[in-house]
Amino acid sequence: GDSVTQMEGPVTLSEEAFLTINCTYTATGYPSLFWYVQYPGEGLQLLLKATKADDKGSNKGFEATYRKETTSFHLEKGSVQVSDSAVYFCALSPSRFGGTSYGKLTFGQGTILTVHP
Amino acid sequence: EPEVTQTPSHQVTQMGQEVILRCVPISNHLYFYWYRQILGQKVEFLVSFYNNEISEKSEIFDDQFSVERPDGSNFTLKIRSTKLEDSAMYFCASTGTGPTQYFGPGTRLTVL
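Read top to bottom, the protein sequences are chains A and B.
Heads up: the first sequence at position 91 corresponds to 91 in the numbering used here, and the numbers run straight through without jumps.
Heads up: the second sequence at position 24 corresponds to 1024 in the numbering used here, and the numbers run straight through without jumps.
One or more of the hints may lead you astray.
Stated by the list, open to error - In silico lysine-lysine, DSSO-like type, Cα no more than 30 Å apart, as pairs:
| no. | chain 1 | residue 1 | chain 2 | residue 2 |
| --- | --- | --- | --- | --- |
| 1 | B | K1042 | A | K60 |
| 2 | B | K1083 | B | K1057 |
| 3 | A | K56 | A | K68 |
| 4 | A | K60 | A | K77 |
| 5 | A | K52 | A | K68 |
| 6 | A | K68 | B | K1078 |
| 7 | B | K1042 | A | K52 |
| 8 | B | K1042 | A | K77 |
| 9 | A | K77 | A | K56 |
| 10 | A | K68 | B | K1042 |
| 11 | B | K1078 | B | K1057 |
| 12 | B | K1057 | B | K1042 |
| 13 | A | K56 | B | K1042 |
| 14 | B | K1083 | A | K52 |
| 15 | B | K1083 | B | K1042 |
| 16 | B | K1042 | B | K1078 |
Said to hold, decoys possible - Here are a few chain A residues that sit away from chain B, every Cβ distance over 10 Å (derived from the structure):
| no. | residue |
| --- | --- |
| 17 | T12 |
| 18 | L13 |
| 19 | E16 |
| 20 | N22 |
| 21 | T26 |
| 22 | P40 |
| 23 | E42 |
| 24 | K49 |
| 25 | D55 |
| 26 | E69 |
| 27 | T71 |
| 28 | K77 |
| 29 | K104 |
| 30 | T114 |
| 31 | P117 |
These are computed hints drawn from the structure, not numbers from a lab.
The beta-carbon is built from N, C-alpha and C at its ideal position, and this holds for glycine as well.
Okay, chain A solo, but in the shape it has when bound (with noise of 0.2 Å):
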């Protein structure tokens, strides 16, 4: 079945340092690729999206390029800020599920990130 796998955490960083958080993944076809934000005590946020391969999903100076060739969905940031710190979750869809719709998402287990002043 389908998979995702993202580096292990936490990231500590101190602000304005360059921000690397990998992800893989393991599915069948096209699937869209996605990356949540979860802030404390908060629900899951959508930070960025790519339905296909090569396409660059960004927002807020984060980035992550699909590649289909390495099976991956890295995020990236140049320059992290404090209000940075958060979970992050690297989760696929798979390809239209049965013609009616997308179906469930697969997340990875999450990214601890923590930014210090």
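Could you slot chain B onto chain A? The hints should help.
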């Protein structure tokens, strides 16, 4: 901007009791989902719902669980006889014609 809402935000119950978690999906969405997140663990899929029936469910979603869309706006998850291991954050999500699922803020269920 439209958003998914969930009530209550926190539910405390005794083991063996029934609970109903409520969700109001985004109004023009057609596909609805429940997920759960046990503290410190990954988010797990429970069930998806379309056209008034379950379209997919996980192994977690056994006979103790049920879902319903009782009217045009609400989407509910019922746990008939709660167990300690049902303690988790439960998220509702919905989607329209694209693959992006929009999540509610969650209901934290504590089973004592």
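Going through the hints against the structure:
no., hint, result
1, K1042(B) - K60(A), "holds (24 Å)"
2, K1083(B) - K1057(B), "holds (19 Å)"
3, K56(A) - K68(A), "holds (12 Å)"
4, K60(A) - K77(A), "holds (9 Å)"
5, K52(A) - K68(A), "holds (9 Å)"
6, K68(A) - K1078(B), "violated (39 Å)"
7, K1042(B) - K52(A), "holds (25 Å)"
8, K1042(B) - K77(A), "holds (23 Å)"
9, K77(A) - K56(A), "holds (13 Å)"
10, K68(A) - K1042(B), "holds (24 Å)"
11, K1078(B) - K1057(B), "holds (14 Å)"
12, K1057(B) - K1042(B), "holds (17 Å)"
13, K56(A) - K1042(B), "holds (25 Å)"
14, K1083(B) - K52(A), "violated (41 Å)"
15, K1083(B) - K1042(B), "holds (20 Å)"
16, K1042(B) - K1078(B), "holds (22 Å)"
17, T12, "holds (17 Å)"
18, L13, "holds (21 Å)"
19, E16, "holds (29 Å)"
20, N22, "holds (16 Å)"
21, T26, "holds (15 Å)"
22, P40, "holds (13 Å)"
23, E42, "violated (6 Å)"
24, K49, "violated (6 Å)"
25, D55, "holds (12 Å)"
26, E69, "holds (21 Å)"
27, T71, "holds (18 Å)"
28, K77, "holds (21 Å)"
29, K104, "violated (4 Å)"
30, T114, "holds (15 Å)"
31, P117, "holds (26 Å)"
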